[in-house]
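Given these sequences and hints, build the entire structure.
Chain by chain, the residues:
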Amino acid sequence: MTSAPVQEGRIGASPRKRDGATLLTGRALFLDDYAPTGLLHAVVVRSTVAHGRILTIDTAAAEGSDGVVLVLTGEQAAQHAGPVPYFIDPAARGGNRTDIRCLQVDKVVHHGQPVAAVVAGTRLQAEAAARLVEVEYDVLPHVLDATAAMAPDAPRIYEDWPGNVITHNRYGSGDADSRLAESDVVVSGELHIGRTTTSPIEPRGYLASWADDRLTVHASCQNPHQMRWMLSVSLGIDESRIRIVTAKVGGSFGLKMQGHPEETLIALLSILTGRPVKWIEDRRETLMAGAREQVHRFRVGARRDGRILGLVNEITADVGALTAQAGWAMPNMSATTQPSGYAVQDCRIELDIVCTNKPPLNAARGFGKDAAHFVMERAVDLVARELDLDPADVRRINFIPTDEFPYRTSTGLNIDSGDFHGLLDKVLDAVDYPALRERQQAARAEGRCLGIGLGFELTPESSDSPGTFVSGFDTTTVRMSVTGSVTVLTGVTSPGGGNDTGLAQIVSDEIGIPIDWVELVQGDTDRCPNGFGNFSGRSMVVGGGSATLAARDVRDKLVDAARRLMGLGEGDEVTIGDGVVSAGGTSMAVPDVARGLLTRAFAIGDIEPVLESTRAYKPGNINHVPDELGRIQPYPTYSSSLHAAVVDVDPETGKVTLLDYVMAHDCGTMINPALVEGQARGAVTMGLGSALSEQLRFAQDGSLASNRFKSYLLPRAGDVPLLRMLHQVTPSPFTMHGNKGAGEAGVGGAQASVANAVEDALASYGVTVDRVPLNPPAVLDLMDAAMAASDGGAR
Amino acid sequence: MSCPLRLTVNGVPRCVEVETQTLLVHAIREQVGLTGTHVGCLTGDCGACTVMVDGETTKSCSVLALSAEGTEVETVESIADGDELHPVQEVFWDEFAFQCGFCLPGMLLTAKELVEQQPDADEGEILRAINGNLCRCTGYNTIVAAVRRVVREARAERGAG
Chain R
677 MTSAPVQEGR
687 IGASPRKRDG
697 ATLLTGRALF
707 LDDYAPTGLL
717 HAVVVRSTVA
727 HGRILTIDTA
737 AAEGSDGVVL
747 VLTGEQAAQH
757 AGPVPYFIDP
767 AARGGNRTDI
777 RCLQVDKVVH
787 HGQPVAAVVA
797 GTRLQAEAAA
807 RLVEVEYDVL
817 PHVLDATAAM
827 APDAPRIYED
837 WPGNVITHNR
847 YGSGDADSRL
857 AESDVVVSGE
867 LHIGRTTTSP
877 IEPRGYLASW
887 ADDRLTVHAS
897 CQNPHQMRWM
907 LSVSLGIDES
917 RIRIVTAKVG
927 GSFGLKMQGH
937 PEETLIALLS
947 ILTGRPVKWI
957 EDRRETLMAG
967 AREQVHRFRV
977 GARRDGRILG
987 LVNEITADVG
997 ALTAQAGWAM
1007 PNMSATTQPS
1017 GYAVQDCRIE
1027 LDIVCTNKPP
1037 LNAARGFGKD
1047 AAHFVMERAV
1057 DLVARELDLD
1067 PADVRRINFI
1077 PTDEFPYRTS
1087 TGLNIDSGDF
1097 HGLLDKVLDA
1107 VDYPALRERQ
1117 QAARAEGRCL
1127 GIGLGFELTP
1137 ESSDSPGTFV
1147 SGFDTTTVRM
1157 SVTGSVTVLT
1167 GVTSPGGGND
1177 TGLAQIVSDE
1187 IGIPIDWVEL
1197 VQGDTDRCPN
1207 GFGNFSGRSM
1217 VVGGGSATLA
1227 ARDVRDKLVD
1237 AARRLMGLGE
1247 GDEVTIGDGV
1257 VSAGGTSMAV
1267 PDVARGLLTR
1277 AFAIGDIEPV
1287 LESTRAYKPG
1297 NINHVPDELG
1307 RIQPYPTYSS
1317 SLHAAVVDVD
1327 PETGKVTLLD
1337 YVMAHDCGTM
1347 INPALVEGQA
1357 RGAVTMGLGS
1367 ALSEQLRFAQ
1377 DGSLASNRFK
1387 SYLLPRAGDV
1397 PLLRMLHQVT
1407 PSPFTMHGNK
1417 GAGEAGVGGA
1427 QASVANAVED
1437 ALASYGVTVD
1447 RVPLNPPAVL
1457 DLMDAAMAAS
1467 DGGAR
Chain F
31 MSCPLRLTVN
41 GVPRCVEVET
51 QTLLVHAIRE
61 QVGLTGTHVG
71 CLTGDCGACT
81 VMVDGETTKS
91 CSVLALSAEG
101 TEVETVESIA
111 DGDELHPVQE
121 VFWDEFAFQC
131 GFCLPGMLLT
141 AKELVEQQPD
151 ADEGEILRAI
161 NGNLCRCTGY
171 NTIVAAVRRV
181 VREARAERGA
191 G
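Protein sequences appear in the order of chains R and F.
Residues in the first sequence are numbered consecutively from 677, following my numbering.
Residues in the second sequence are numbered consecutively from 31, following my numbering.
Don't read these hints as lab results, they were simulated from the structure.
Glycine residues also receive a C-beta, built at the ideal position from the N, C-alpha and C atoms.
Honestly, I wouldn't trust all of these hints.
Residues from chain R that keep clear of chain F, each with C-beta distances beyond 12 angstroms, as calculated [claimed, not checked]: (1) PRO817; (2) PRO879; (3) GLY1394.
Covered, in the sense of this in silico footprint (three residues per stretch, anywhere, with C-beta under 8 angstroms from a C-beta of chain R), are these stretches of chain F [claimed, not checked]: (4) 75–87; (5) 163–173.
Put into structure tokens, the structure is as follows:
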């Protein structure tokens, strides 16, 4: 952090969240708080089998039930709505695709898939009627495991595909297999990453109102403009007749990127009933959305001094059923983010993205990048263990040297900047590493299992994918009124992280006015310029960049107008600060300049009387022209972080307790450091959950067993130690303010450092950690396996 | 079956019609019309639906509305005095103790109850108090810091007074 004090409200300061008073008093309107006159409530009838043909749907009893206005089946829906267009079409990546419907027509491919919908006067009436919809299935064999789904005789989920694989891809450069053959040591392993979910405290929901041939949808969503386009395509309504408004959003973490069947469904129900229709997920529905599930089979070759020469990794990713949402594409990033921040130019990474009869993956904070770090950091620790080297030293010898940025990785990413050794030094200092290792020895002598784990995390952010709605640019309008107050209308949205506050800081700083003169408008397709919403740590990079350009235009116009109004010459230096234009010894308040320009337009000469600008910002470093190896470069910025976890493991119960946690974070320039820390702490805690307690579990019939917060265990306050935050600022040369994305870093680093710490804690038992989550049964299982391997006997 | 429900909400006597199976959270949100109380899980796990019933924090998703007959209910809307925020709210704001704000009803009412009923709460009691409320945004550190500060400042004020 900068040592000089930053003026309140400006870039680098940490003003409070601007929506604080509204949220703290309960006045904020979330989606479920809207209740227009004539409102109807929808409930989705879901498949009770994991795989089967729909034979009949009997809606008679439901239609006769109290308060019911409409019951809709898939066959009926298909007469009015086409397939939901993909956020990222697998065909664009050379993969298999299928039509995604708002209600299934002939066949269901996962337990919980929408097959019918009921609309009634109240939610209770709709729920009661939904229970009366009778669906008869011809049950087909199902498969819940990705490796099993790849077998030639596995049940075929989409019958027109050659198998259950969406895509197979190979990533990397060099000759990893030869490097492994030349290596002094080769370590290998199989790592399992359990299925987790994002689970914001506010579930998803939509409120659609069809009136006067116009569709208005209030949505708890991240990407209103993309949703407008998708509804336009699926429902055949011109975009100009659709308005999407994101209500206050109660957290999203990727879940609320669009592409869900219910978006088209709820809009269609409103069109068919001619009345506003609201649908809010219940928690069982929210918990169906997967976030990650992969198996990695890897080999790493290294020299005796710990230098890693080559990496081979075969990834099998279980994405469940295919979805129009972006979630199915996340495993691509698990592959391309390897070998992370390590200078290993010989990599061969094979990726199979596989469908199973489970609910789909949905986009999730980390977007697959998290898995790359869990695997790389486990591999680095296993190299250290094999060679009896300190894990910190093995990281140091393999990190990309600081003077080699921008650095092109084996998989083609062009890392803009960083100082990974600097992050390591900061963390080792903060934990007093030598003293901590001594403490560990003393604890071991007392029979305690104290473990220290390191985890490096490279976080590619602000992605752009050509031909999709994953866009690396965004657009902002800055508009000053006659009173000098400013309205910022932007294409980026905030699900709660506070980018509205950051954007206000940028605009007020760039123009030179107090921050409380600035109002923000986000998430309204009728008011905001075309944009792409919230994902991939993009909001301050591209929202901030475009806001900067537009604010500078307005400032330039103010300066021009002030020169005329104040009678200054071209050469006089003009400054604007704290709402006052100053030149020489004279000054004029910004509102007076604005009023002068907008009310005396003909009197002050040849100047266009507009105090408004709309600008788009495209950061540098993105390159979609494939290089000689076919690699593209879809990210402008790469944040980096180093994590240290200190754990105590109870060998009797398998319970892991976090004693200390340090994260050294480098996201370049921080616009609002307190908000950056908020993002980092939230992401780390999500990673801690997936490392220790969170796991979606399915019964053999494919139904979700962990379908409430009593069986899907989010971290609670008592589970999270003080997460100590350290900052390093290595500005990006490719963004407006040198800032990098700051929304996702923490998920992968937490998983990796905790997994490494648990293995370290149980070193005397010879345990090798091969999975997350490391809940007590998993830890005991690993200890049993280690004992069985060492002496052939059970514990 | 629809029945009348009489209760006092934020100091105002109310009589609303509810179904026998209506949950208190839905009665407050839909019949009384106060939407600051949120629905997160309906299984009593997340705490977003927390209200005070006769002075005690209660997860209103786990209470039938009719069982609140004759009670005094206070919701998140009652904490501030008009435009004047309560010290608990100011401290939560200062400490960045929320992001999306959806969990705030539970967090604020729990913190306020703690400082009023256990003014000498130690670290363990603070964690126990808020352990019943889920937050997915903050990672809890700033919430704990805010509650700690609320307790400390209340204690200092008592000492001075």
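Worksheet item: Any hints this thing doesn't respect? Which numbers, in order?
Response: 2, 3
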